[in-house]
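*Asks:* Spelled out, the chains give:
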Amino acid sequence: MNEIRAARRRAQRYRFSDGIGEFVTGSVLALIGTGFLIADFLDSDTLRIVSLGVAFALALLGFLTVRFLKERITYPRTGYVRPPKPQLTYPQRFGLNVLFLLIVMPPIHEYFGPALDVDTATGRVAFLGWVSVMVAPIAVMAVRFGVYRLLFVVGTALATGGAAILLRIPGGEMIGSLFTFTGAAAVITGTCALYGYLRAHPRSALDGDHEV
Amino acid sequence: MKSRFAAEPDRVIHEPARLKIMSVLSVLDCADFVYLMGETGLTRGNLSVQLRRLEAAGYLVVSKEFRGRVPRTIATMTNAGRSAFKEYRAYLHRLLKATSEPKVRSDAVVESG
Chain A
10 MNEIRAARRR AQRYRFSDGI GEFVTGSVLA LIGTGFLIAD FLDSDTLRIV
60 SLGVAFALAL LGFLTVRFLK ERITYPRTGY VRPPKPQLTY PQRFGLNVLF
110 LLIVMPPIHE YFGPALDVDT ATGRVAFLGW VSVMVAPIAV MAVRFGVYRL
160 LFVVGTALAT GGAAILLRIP GGEMIGSLFT FTGAAAVITG TCALYGYLRA
210 HPRSALDGDH EV
Chain B
61 MKSRFAAEPD RVIHEPARLK IMSVLSVLDC ADFVYLMGET GLTRGNLSVQ
111 LRRLEAAGYL VVSKEFRGRV PRTIATMTNA GRSAFKEYRA YLHRLLKATS
161 EPKVRSDAVV ESG
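Going down the list, the protein sequences come from chains A and B. When we follow the working numbering, the leftmost residue of the first sequence carries the number 10, and every step to the right adds one. When we follow the working numbering, the leftmost residue of the second sequence carries the number 61, and every step to the right adds one.
Chain B on its own, in the form it takes in the complex (with noise of 0.2 Å):
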């Protein structure tokens, strides 16, 4: 019998630091480093090597440009990573529902004796 947890998530999206970075830029069209900084609540260094994994992953598409001299980093999701989100959210949605609680009457009454 095929279980029904048999399906795995997808482990680059799994961790949270990255879901938290692809949830933001779901909805966005593209967010710079600062940005993705203020909404994740990660610190540099955190985020830059997320942002590197999920580039690696091909989820994301990370270019520099400089803004007189300051450099911007941007991020843009791509379609295989909105695919890949896609999926992840729907694996979730299955999940939560084949474990949910069964609902319990608010007005039930215990019985004693």
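Looking at chain A on its own, in the form it has when it is part of the complex (with noise of 0.2 Å):
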């Protein structure tokens, strides 16, 4: 039993094995949040909108990117698995819909409507809590299937919140720099699991599968 209870363990960490996501995740968040910053520094509305499209489209991108260096660099060498959907009943579904919209809602709030008073006490903890809410699901990951790295991610990303609120950043550039240093994080441990991965798994060894 506890045999396969680890099989599906393995088969659930094993998307994480090869740091492609983090790395390409990371690197999307990165050039989001630099838009970002670069459309808050100009004070330009339309730089703002159309960052945001940029946004989209790169989040979108990015699942490609993915998908394709999956297909040439993971599965060629350690195969192809996809463990079962998990299923959910209504309740979670519902919270995990309110979750979404708690992370999602904020920043499109702090960049079009009146910025967040960093200054009060109120706004610092609503901005704290929020980086919070968007980080707890990586964290829950990261414990769950024992990818530990994320925990780095997640630490950055409270890091940076702290940071922007302790120098009272104004709310644009602090959800730009958030959204920078959180995409630079996911961006190094990407590239650090990556190449642990290539080191482990030469090419040469597992090259495809045959006749079956």
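It should be emphasised that the hints constitute simulated quantities derived from the structure, not laboratory data. Built from N, CA and C at the ideal position, the CB exists for glycine as well. Watch out, some of these pointers could steer you wrong.
What the hints assert, rightly or not - In silico lysine-lysine, DSSO-like type, Cα no more than 27 Å apart, as pairs: (1) 94(A) / 80(B); (2) 94(A) / 157(B); (3) 146(B) / 157(B).
Unchecked claim - Beta-carbon label-pair distances, calculated as ranges: (4) 123(B) / 176(A): 18 to 28 Å; (5) 125(B) / 17(A): 18 to 28 Å; (6) 153(B) / 141(A): 37 to 47 Å; (7) 153(B) / 63(A): 50 to 60 Å; (8) 175(A) / 130(B): 46 to 56 Å; (9) 128(B) / 100(A): 40 to 50 Å; (10) 76(A) / 146(B): 29 to 39 Å; (11) 142(B) / 153(A): 39 to 49 Å; (12) 200(A) / 128(B): 36 to 46 Å; (13) 74(B) / 17(A): 33 to 43 Å; (14) 141(A) / 136(B): 50 to 60 Å; (15) 122(B) / 102(A): 32 to 42 Å; (16) 200(A) / 155(B): 44 to 54 Å.
With the hints in hand, could you dock these two chains into one complex?
*Replies:* Following this line, the structure appears as structure tokens:
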């Protein structure tokens, strides 16, 4: 039984083994953050809307890039596996949707709406609370699947959020710098994981499969 | 009197190599040949033969596709395979329960003389 349970856990952890997901997601997040910072620096509304559109396009492109890289790097070396999809109950699905809205809405509001007043205690608590909600799913994944390097990304996000409050950085810049630093942390962990993976699995060892 | 061990295990699953494959696939949606090789530790030839046997028994569906020039063989467990594996596990549970050793008290003291 333990062996079977371990096989399931390994399959779930497998998608993180090559670091490609982190690398690409981190790059996209860092690019989006940089775009936000530039738009804020130039104080251009047009650029803000353009950068938000580019952010969505990059997110889609990132998804396709991960698939492309896994097809060429991971699957020929260590194979392809699809763990079973979790069977979510209605309350769980509802909770996940609420979590998604909690993560997505504040930056959009912060970016286009009135700026968050970080000088007030409420503003600080709200911002740090949002950062915590944003990184909570990553922390849960890191512990549940034993991918502890993701905690570095979580720590970076929380530290950047804390620093942004202490330095009283305005709202738009705060979001931009948070995305940039968190993305950079993910790129670092992803690169290290990818390097380790490529060293552990040279292509010649398992070069595709043959006749069955 | 009916013997407690009258029931036979599923011979298709009972073989160690096939049992490994079934155990891995029972917790997955699907997996390809290379992944199964890594998980089960079987050689290409052995895995290939055992997959064919399981497919012939209707426990697996093996499909092939090409990604660029690289062939990929994907194995998926069928519903019949899942229920057969479930029954096999239940059989093993029954068997192990019936033959479990009596509990020995750890504080039992053997008195001499």
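*Asks:* Now tell me if each hint is right for this structure.
*Replies:* Evaluation of the provided hints:
With a C-alpha separation of about 22 Å, the suggested pairing of residue 94(A) with residue 80(B) holds against the 27 Å cut-off. Annotation: proposed proximity of residue 94(A) to residue 157(B) is violated, straight-line Cα distance about 32 Å (limit 27 Å). Distance hint between residue 146(B) and residue 157(B) is fulfilled; the C-alpha atoms sit about 16 Å from each other, no more than 27 Å. Between residue 123(B) and residue 176(A) the beta carbon distance is about 56 Å. The supplied range of 18 to 28 Å is therefore violated.
About 25 Å separates the C-beta atoms of residue 125(B) and residue 17(A), a value consistent with the hinted range of 18 to 28 Å. Checked against the hint of 37 to 47 Å, the pair residue 153(B) and residue 141(A) passes, with Cβ atoms roughly 44 Å apart. Between residue 153(B) and residue 63(A) the CB atoms are about 57 Å apart, so this pair conforms to the stated range of 50 to 60 Å. Between residue 175(A) and residue 130(B), the C-beta spacing of about 52 Å keeps the proposed range 46 to 56 Å intact.
Against the hinted window of 40 to 50 Å, the Cβ-Cβ separation of residue 128(B) and residue 100(A) comes to about 43 Å, which satisfies the hint. At about 33 Å, the beta-carbon gap between residue 76(A) and residue 146(B) stays in the expected band of 29 to 39 Å. Here the CB-CB span from residue 142(B) to residue 153(A) is close to 25 Å, at odds with the stated 39 to 49 Å. Distance hint for residue 200(A) and residue 128(B): a CB-CB separation of about 25 Å, inconsistent with the stated range 36 to 46 Å.
Roughly 22 Å separates the CB atoms of residue 74(B) and residue 17(A), a value that falls outside the hinted 33 to 43 Å. Between residue 141(A) and residue 136(B) the beta carbons are some 40 Å apart, a value that contradicts the proposed interval 50 to 60 Å. Between residue 122(B) and residue 102(A) the Cβ separation comes to about 33 Å, which falls inside the hinted range of 32 to 42 Å. In this structure the supplied range 44 to 54 Å holds for residue 200(A) paired with residue 155(B), their Cβ-Cβ distance being about 50 Å.
Checked against the numbered hints given earlier, the structure breaks hints 2, 4, 11, 12, 13 and 14 and satisfies all the rest.
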